[in-house]
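Asks: As a plain string of letters, each chain reads:
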Amino acid sequence: MSELSELYQQVILDHNKKPRNYRKLEDATQHAEGFNPLCGDQLMVYLRVEDGVVADVGFEGSGCAISKAASSMMTQAVKGKTKDEAERLFEEFHRMVTGELDEEQTPNGLGRLKIFAGVREFPARVKCASLPWHTLHAALAGEVSTSTENLGPDIDADRVSA
Amino acid sequence: MTVTKMAAITEKETVREESHRSPAFDVERVREDFPVLSQTVNGNPLVYLDNSASSQVPQAVIDRGSKYLREEHSNIHRGVHYLSQRATTAFEGAREKVRRFLNAREARECIFVRGCTEGVNLVMHGYGRKFVSAGDEIVVSEMEHHANIVPWQMLCEEKGARLRVIPMNDAGELLLDEYEALLNERTRLVCVMHVSNALGTVNPIKEIVARAHKQGIPVLIDGAQAAPHLKIDVQDLDADFYIISGHKMFAPTGSGVVYGKAELLEKMNPFLGGGDMIRTVTFEKTTYAGLPNKLEAGTPAIASQIGLGAAIDYLNSLDRDAAHAHEQELLRYATEKLSGIEGVRIIGTAREKVSVVSFVIEGVHPHDVGTILDQAGIAVRAGHHCAQPVMQHFKIPATARASFAFYNTKDEVDRLVGAVEKVIEVFS
Ligand SMILES: Cc1ncc(COP(=O)(O)O)c(C=O)c1O
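If you read the protein sequences in the order shown, they are chains A and B. For the first sequence, numbering that gives the first Met the number 0 begins at 0 and goes up steadily by one. For the second sequence, numbering that gives the first Met the number 0 begins at 0 and goes up steadily by one.
Keep in mind that a hint or two might mislead.
[Unchecked claim] No more than 20 Å apart at the CA atoms, straight line, and that leaves these computed lysine to aspartate or glutamate pairs for DMTMM-like:
hint: 1; chain 1: A; residue 1: K16; chain 2: B; residue 2: E424
hint: 2; chain 1: B; residue 1: K421; chain 2: A; residue 2: D13
hint: 3; chain 1: B; residue 1: K421; chain 2: A; residue 2: E5
hint: 4; chain 1: A; residue 1: K16; chain 2: B; residue 2: E361
No lab work stands behind these hints, which were simulated from the structure alone.
Sequences and hints are given; from them, build the entire structure.
Replies: Here it is in structure tokens:
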């Protein structure tokens, strides 16, 4: 069960139990809703952007441990970042969980978020980790909703055996 | 002579004789019939408990399908040549097997479709669109699969009709008095599942039909989850429409059947238009073929439907009462063991159930349960089971569901229980 313990690391379990920034921002400048119709996961990401900087961020919703922890750690990671920096993290995170980016070889700003690398061994769960980031991306772009069915495959075709 | 009659006469593959019946159900023997079961997943012997999503296929069905592909494949109903006649005979033979399985009066009352979803849509388009108009009502139940909700919602939207919903209690049982109170002179159709995929409930379907018939209302029964577990007799139920899906009953995907009373099927409009469903075509006018062809446009999934016939033969070769008793014992044992674990709550506690156990674990999302069980080689379904209104009733986002077939064992229940305990340990 080594892959399993890599997925459900203590940090992830802790964020699942005590999600950070788990609140609606009353003074949000933008927000977006993310859906995963496959599993019914639903989450709201709220942002207060001031002078191009994510001054505050919060989320609410129901989901599995992976999606809750990913949301929680995402809010910590992007708070205080510029919009561009947040977008770059989104890109890197997405490429890491889909196996396109080797977080140990290629320089990146993922830091503690590398803990989610293990999710790429669980193709059915990749979207759980990436949904909050897609939702953040939508909120930054001023969209109000996103849904995993519109996001294209999170599974790299080359990694799927015949 | 109709194709169906001809096939009934020339059909040589009679249903396998039910000679080798043993009093006790020998599950280890039966498991040998299912090659997929003898593999390891993540280093553990596979425990397949996702039978309600799709059941596994016995060797006899695989053999029949591959025999067709190797020796008999051709298009049906069209050729005068040898192979086309063999294919047609095998295909129509499968229809006759279905007729006996459902105890329909006539084979032409059994319409081949590609699955239950297509079946409901066929009745919606062929019957619903013809006989439902503005202000009319369609009754469904709170526990329906989306396949028996969405088509009716689409019809209601198109026609300005109204969808009414039979409520259920917290055990997952339909409330029959509330049901009867919904019926009125505007009700055009009642659409109810025989067995719930999300909860395991066996609905009192004969009673449901009888109450609708008292008021002259026809009833469509979604039998997708009943066929793998129960004996079905559409005449005894007096069902107007009864739909089954091959891939839930040990046959390949792409097979399924809409049973309908001949007089209703005759009245229906065609669903899909095209080849095979016509009598004559000119640019001025097309006349339609008789049953079943009118409702079977285009080349069907021939190999899959022949496979469905073989799956029925396979089921008939088992002692179905003993198989059912074995499944009920698995249900009892799994229910007892799982509900004994602190933090586990079973969703769906109807008095009459098939061997389906939906459950939630306090503080753990069902998807995490599903992933951890998978690592132990145990396949369960985690999600809303295409029954979101059921999840809304219980105010939960999803459940984990273990659904047992007759080839599952008590050892497998023990493996499940051990893995659930492990989940709780990981998340404690
Ligand atoms: C009760 C019920 N109805 C309908 C369906 C849909 O059947 P199919 O997959 O054959 O379209 C299912 C299976 O998912 C089911 O469980």
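Asks: Does the structure keep K421(B) and E5(A) at a Cα separation of 20 Å or less?
Replies: 15 Å, holds
Asks: Need the status of pair K421(B), D13(A): alpha-carbon distance at most 20 Å?
Replies: It holds: about 17 Å lies between the C-alpha atoms, which stays within 20 Å.
Asks: K16(A) and E361(B) were given as a pair; does the straight-line alpha-carbon distance stay at or below 20 Å?
Replies: Satisfied, since the Cα-Cα distance of roughly 12 Å is no more than 20 Å.
Asks: Within a Cα-Cα threshold of 20 Å, do K16(A) and E424(B) meet the stated pairing?
Replies: Given pair K16(A), E424(B) holds - Cα atoms ~14 Å apart, limit 20 Å.
Figure legend: structure checked against the earlier numbered hints; every hint is met.
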